[in-house]
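Undergrad: Chains X and L, in that order, give the protein sequences.
Each residue of the first sequence is one higher than the one before, counting from 1 in the UniProt record's numbering.
Each residue of the second sequence is one higher than the one before, counting from 1 in the UniProt record's numbering.
Just so you know, the hints here were simulated from the structure itself, not pulled from any lab data.
A few of these clues could be false.
Because identical chains share one entry, a pair is satisfied inside a single copy or across any pair of copies.
What the hints assert, rightly or not - Below, a list of computed lysine to aspartate or glutamate pairs in the DMTMM-like style, where the Cα atoms sit at most 25 Å apart:
{"#": "1", "residue 1": "Lys117", "residue 2": "Asp156"}
{"#": "2", "residue 1": "Lys23", "residue 2": "Asp156"}
{"#": "3", "residue 1": "Lys130", "residue 2": "Glu28"}
{"#": "4", "residue 1": "Lys130", "residue 2": "Asp173"}
{"#": "5", "residue 1": "Lys137", "residue 2": "Asp40"}
{"#": "6", "residue 1": "Lys130", "residue 2": "Glu157"}
{"#": "7", "residue 1": "Lys137", "residue 2": "Asp148"}
{"#": "8", "residue 1": "Lys137", "residue 2": "Glu31"}
{"#": "9", "residue 1": "Lys130", "residue 2": "Asp218"}
{"#": "10", "residue 1": "Lys127", "residue 2": "Asp148"}
{"#": "11", "residue 1": "Lys137", "residue 2": "Asp177"}
{"#": "12", "residue 1": "Lys100", "residue 2": "Asp38"}
{"#": "13", "residue 1": "Lys134", "residue 2": "Asp40"}
{"#": "14", "residue 1": "Lys127", "residue 2": "Glu104"}
{"#": "15", "residue 1": "Lys134", "residue 2": "Glu36"}
{"#": "16", "residue 1": "Lys192", "residue 2": "Asp220"}
{"#": "17", "residue 1": "Lys134", "residue 2": "Glu104"}
{"#": "18", "residue 1": "Lys130", "residue 2": "Glu36"}
{"#": "19", "residue 1": "Lys117", "residue 2": "Glu71"}
{"#": "20", "residue 1": "Lys137", "residue 2": "Glu36"}
{"#": "21", "residue 1": "Lys100", "residue 2": "Asp177"}
{"#": "22", "residue 1": "Lys134", "residue 2": "Asp38"}
{"#": "23", "residue 1": "Lys127", "residue 2": "Glu26"}
{"#": "24", "residue 1": "Lys130", "residue 2": "Glu22"}
{"#": "25", "residue 1": "Lys100", "residue 2": "Asp40"}
{"#": "26", "residue 1": "Lys127", "residue 2": "Glu72"}
{"#": "27", "residue 1": "Lys137", "residue 2": "Asp38"}
Number of protein chains: 2
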Amino acid sequence: MNRLFHVPLSPFCRKVRLVLAEKRIEVELVEERYWEQDPDFLRRNPAGKVPVLRLGDRLLADSAAICELIEELYPSPPLMPRDVDGRYEVRRLVAWFDDKFHAEVTSNLLYERVNRKVQKTGYPDSKNVKAGAKAIKWHLDYMTWLLDRRRWLAGDEMSLADFAAAAHLSSLDYISDVDWNRSAVVKDWYAKIKSRPAFRSLLVDQIPGFPQPSHYADLDF
Amino acid sequence: MNRLFHVPLSPFCRKVRLVLAEKRIEVELVEERYWEQDPDFLRRNPAGKVPVLRLGDRLLADSAAICELIEELYPSPPLMPRDVDGRYEVRRLVAWFDDKFHAEVTSNLLYERVNRKVQKTGYPDSKNVKAGAKAIKWHLDYMTWLLDRRRWLAGDEMSLADFAAAAHLSSLDYISDVDWNRSAVVKDWYAKIKSRPAFRSLLVDQIPGFPQPSHYADLDF
């Protein structure tokens with residue numbers, strides 16, 4: 001049985017969950033308290049991070065490398081364009097969200113508000129939370145700029161870039177940190193992706209100590 | 001003319017320089033003080049980071065996306081294996097160095113000692129420098145573990161993973177922060193990669209305020 005060692009609100013894990021579900025690859029989800037650095041877990045991934053995926057005989061780490069591998073092993077339905085420039089743009093945007101958005105928004109909001117409490121590493125730093133709340137506005141505006149020109153973030157077909165972005169935004173939406181009124185095109189884009197069958201598993205996540213807000217699972221939010 | 005907007009000691013820029021040189025793609029190097037966030041530069045890359053590559057008509061950002069694109073456009077000599085599992089391992093290790101090694105070592109040593117001075121953002125934080133000096137030992141040991149089992153980091157052929165690792169280590173070597181006596185296999189590996197023609201341009205870099213140490217360009221270090 002395929003098995004994903006994950007943390008429910010981790011955007012990197014959510015991206016992999018979305019890709020697996022979109023490709024209809026069944027997987028058992030196992031929550032992993034990676035910050036406790038359990039020796040068994042470190043044997044599975046010396047980087048000490050989630051997600052870690054057992055896919056058949058393979059034991060895999062790093063969400064970007066995992067998603068590229070899944071795409072190569074299970075090309076249908078495609079989440080990468082066929083042309084080289086299209087693939088470049090998808091990879092650029094996946095990095096945009098997993099690197100820049102992650103550093104400027106996700107770390108400052110989600111990790112301050114949730115991870116600190118769950119991992120017992122102190123209280124949220126209000127300076128960081130403020131910086132994250134400011135940065136997300138600029139990022140939503142950048143997404144608006146892209147979506148004014150394209151049907152999906154990286155082009156006219158849905159791709160891994162949309163799943164990377166939706167993984168971050170859905171985690172932030174769980175703690176009500178996304179202002180969906182800021183951009184109609186971003187809201188429409190999220191409504192489309194949220195209503196996909198692949199998204200269902202994310203919408204039933206429940207985090208102890210953080211009750212799910214009513215709009216989170218609502219397809220008509 | 002192809003043009004790379006870069007910073008000489010940036011490991012992400014160095015990785016792209018190595019790949020371009022290995023593929024014999026000529027490129028003009030333009031130093032970019034990205035931290036000044038010049039509007040012209042931000043137009044080229046809204047992420048505000050180097051490297052940015054003008055490759056023919058293409059304007060490209062994000063070092064991982066750039067390297068994958070170059071590999072697809074110029075497959076010879078190959079820097080990615082032909083089999084899917086080989087490619088996965090290369091991508092996992094590129095992420096290992098550009099993500100984990102970068103956060104634990106490069107940020108703590110290079111950015112504290114050099115970037116703070118160049119970008120005038122204060123003095124090195126000795127706590128970070130100490131953490132970086134400790135972390136690099138563990139990373140060199142991990143590389144030893146890999147190289148005891150393989151000719152190159154990701155397998156028996158040289159790949160993008162070796163260039164990613166060498167890019168970080170060469171920048172740290174410029175500030176004498178790599179203890180080459182820690183591991184004979186890592187030293188042998190670095191000697192092999194350092195003697196490649198693609199490496200030459202990195203070995204003549206001179207950073208104002210940071211004189212090049214004598215061992216840095218020495219192939220018999």
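Undergrad: Compare the structure with each hint and give your call.
TA: Hints and how they fare:
1. Lys117 / Asp156: Answer is neither; intra-copy 40 Å and inter-copy 45 Å both fail.
2. Lys23 / Asp156: For lysine 23 and aspartate 156, only the intra-copy Cα distance (19 Å) is at most 25 Å; the inter-copy one is 32 Å.
3. Lys130 / Glu28: neither (37 Å within a copy, 41 Å between copies)
4. Lys130 / Asp173: So lysine 130 and aspartate 173 pass the 25 Å test inside one copy only (17 Å; across, 38 Å).
5. Lys137 / Asp40: between (40 Å within a copy, 22 Å between copies)
6. Lys130 / Glu157: neither (34 Å within a copy, 47 Å between copies)
7. Lys137 / Asp148: within (16 Å within a copy, 48 Å between copies)
8. Lys137 / Glu31: The answer is neither: 31 Å in one copy and 31 Å across copies each exceed 25 Å.
9. Lys130 / Asp218: neither (27 Å within a copy, 48 Å between copies)
10. Lys127 / Asp148: Neither. Shortest intra-copy (32 Å) and inter-copy (46 Å) distances fail the 25 Å Cα cut-off.
11. Lys137 / Asp177: within (11 Å within a copy, 39 Å between copies)
12. Lys100 / Asp38: For lysine 100 and aspartate 38, the Cα distance is within 25 Å only across copies (18 Å; inside one copy 29 Å).
13. Lys134 / Asp40: Between copies, since 23 Å is at most 25 Å while 39 Å is not.
14. Lys127 / Glu104: Answer is both; intra-copy 12 Å and inter-copy 23 Å each pass.
15. Lys134 / Glu36: The answer is between: 20 Å across copies meets 25 Å, while 32 Å in one copy does not.
16. Lys192 / Asp220: Within one copy only: 10 Å inside, 59 Å across.
17. Lys134 / Glu104: Within one copy, since 9 Å is at most 25 Å while 27 Å is not.
18. Lys130 / Glu36: Answer is between; shortest inter-copy Cα gap is 23 Å, intra-copy 28 Å.
19. Lys117 / Glu71: Neither: 35 Å inside a chain and 43 Å across chains, both beyond 25 Å.
20. Lys137 / Glu36: between (33 Å within a copy, 22 Å between copies)
21. Lys100 / Asp177: within (17 Å within a copy, 27 Å between copies)
22. Lys134 / Asp38: This pair counts as between: shortest inter-copy Cα distance 21 Å, intra-copy 36 Å.
23. Lys127 / Glu26: neither (41 Å within a copy, 45 Å between copies)
24. Lys130 / Glu22: neither (35 Å within a copy, 44 Å between copies)
25. Lys100 / Asp40: between (31 Å within a copy, 20 Å between copies)
26. Lys127 / Glu72: neither (42 Å within a copy, 43 Å between copies)
27. Lys137 / Asp38: between (37 Å within a copy, 21 Å between copies)
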